[in-house]
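Note that the protein sequences, when read in sequence, are chains A and W.
Take the first sequence: its position 220, counted from the start at 1, is 220 in our numbering, and no numbers get skipped.
Take the second sequence: its position 83, counted from the start at 1, is 504 in our numbering, and no numbers get skipped.
If you're looking for bench data, these hints aren't it; they were derived computationally from the structure.
Only true hints are included.
Derived CB-CB ranges, DEER-like:
| no. | chain 1 | residue 1 | chain 2 | residue 2 | range |
| --- | --- | --- | --- | --- | --- |
| 1 | A | Gly327 | W | Ala445 | 40 to 46 Å |
| 2 | W | Arg524 | A | Ala324 | 34 to 40 Å |
| 3 | A | Ala158 | W | Arg481 | 34 to 40 Å |
Here a beta-carbon is modelled for each residue, glycine too, at the ideal position from N, C-alpha and C.
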Amino acid sequence: MDLEKLHREESGRILSTLIRLLGDFDLAEEMLQEAYATALQKWRVDGPPANPVAWLVSTARHKAIDRLRRQRRFEQKQAEIARYSEFLAQPAAGFSRGASDDPEGRFPDDRFPDDRLRLIFTCCHPALSEEAQVALTLRTVCGITTEELAKAFLVPIATMAQRLVRAKRKIREAEIPYREPSPEELPERLEAVLLVVYLIFNEGYLASSGDSLVRRELCAEAIRLGRLLCALLPQPSEAQGLLALMLLHDSRCEARVSADGELVLLEEQDRSLWRAEQIREGTELTERALRSGATGAYALQASISALHANAKTAQDTDWRQIAALYGVLLRMHASAVIEVNRAVAVAMAGDLEQGLGLLDELEQREELREFHLLPAAKADLLRRLDRMGEAAAMYRRALSLATNDVEIRFLRRRLAKAEGL
Amino acid sequence: MQYLMLIYDVEADWSKMSAVEQAAMYKEYGQFTQQISESGNHRAGHQLKPIATATTVRLRDGKRLVTDGPFAETKEQLGGFYLVEAKDLDEAISIAARIPSARHGSIEIRPIVARGETAEGKVA
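Full structure from sequences and hints, please.
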């Protein structure tokens with residue numbers, strides 16, 4: 001039994017149950033660590049139990065009972081005594097019958113309750129800052145260590161540790177409940193959960209700095225979370241839309257950066273590097289999400305991504321359909337960035353001048369004044385129209401606004417070409 | 422657990438309202454207070470007089486410093502409060518969202534430190 005693998009795959013599930021049983025994030029985490037330590041010694045001698053997950057939960061739970069007993073004896077802690085009595089009054093609550101009397105973990109896995117959904121909803125509670133939601137979800141649901149998190153988000157370990165401590169303290173002190181939201185609350189709360197998963201994905205997908213290997217893991221974790229939500233939610237259509245979007249974007253990850261680390265645009269990517277299996281799954285999921293009533297932005301963006309992913313060549317791309325989908329997205333959610341994308345799609349669908357006109361209009365918008373992708377998009381259309389002088393001016397403008405190193409190098413190469421160098 | 426709900430609103434907007442509008446607002450507040458009393462959540466609650474009536478006092482080196490105000494830079498002022506009993510933060514949030522001023526102002530929800538607890542939640 002590979003304990004590390006088990007930790008990676010099952011710690012979220014074990015922790016979610018322990019938090020429910022113990023009513024405390026920190027105590028649950030601590031007891032789980034102790035249970036792992038015991039497992040490390042005991043399993044080496046006796047061999048692993050039939051059901052390692054149940055064994056770990058039982059062991060952690062017994063350690064918690066011992067701990068609370070000791071504390072009760074030495075310090076008269078009112079709150080903990082109350083919790084303790086409640087705890088003893090529900091010896092197998094939520095467990096299959098006899099779970100607590102079965103330290104060998106012989107009962108079958110499917111009778112073991114899955115509390116991860118409530119863990120996810122608690123970690124993604126809107127009363128926590130977005131940063132904290134992201135960190136706490138990765139730490140508790142995905143079992144990523146504080147050190148790894150600090151590395152992935154480019155902050156000192158102490159900062160990340162503090163972020164987690166604060167979040168857990170708020171859950172405890174403000175009494176953020178550990179439960180799944182009611183049907184009335186669900187749409188709003190689910191939106192927050194999906195946003196956290198999407199933020200995790202984008203952190204891995206868009207970032208150009210930091211350890212790229214760690215970054216890639218964030219994409220994998222986000223996809224794992226997406227799969228988990230699809231499996232656990234009673235109405236998974238919006239989550240399916242998000243999972244589809246992530247799978248489709250991620251399918252291109254090997255083609256979008258060249259061997260020397262440079263950005264490769266969709267149009268110029270080597271499509272044989274795209275992961276066909278992921279595209280197939282993402283496309284199927286998109287269709288399933290839309291058929292089952294997904295109306296959210298993720299499913300729509302997944303549809304756009306699927307059109308790109310399924311085009312045999314860049315020329316085969318159904319830009320007309322993509323422009324229409326951006327139009328639908330815009331009606332749902334007014335966003336300057338989506339307007340830029342739509343203008344580009346209109347241009348690529350055959351009318352370069354019209355697309356350019358739309359971008360000219362957008363240039364007047366105050367909120368887009370600092371947005372480097374707007375002059376970059378204009379420059380690209382001007383280049384296609386063979387108006388190289390104007391294109392060069394726009395590349396220079398984009399360069400003055402861009403901050404990302406990979407993008408700056410890309411824009412410089414384009415500028416050099418437009419200047420005929 | 423008890424939560425204090427601090428109601429922040431733009432005071433100037435209130436004084437700009439017509440008598441009819443103000444009466445409608447009071448009626449709404451009356452209904453809300455009655456609802457949370459009947460549901461057993463209500464512990465206390467009051468509207469505060471305008472910020473112009475506020476006084477601040479500090480004791481420094483045994484000396485009392487009394488000043489007019491505060492006149493903070495913030496756009497919204499504390500205009501009233503409720504003290505409610507709620508099962509958890511989610512219940513508190515759903516109560517706060519029904520406070521009439523939530524529609525234009527904002528409601529700050531603060532958990533109350535229970536007797537025998539410290540601010541960090543440790544049992545003293």
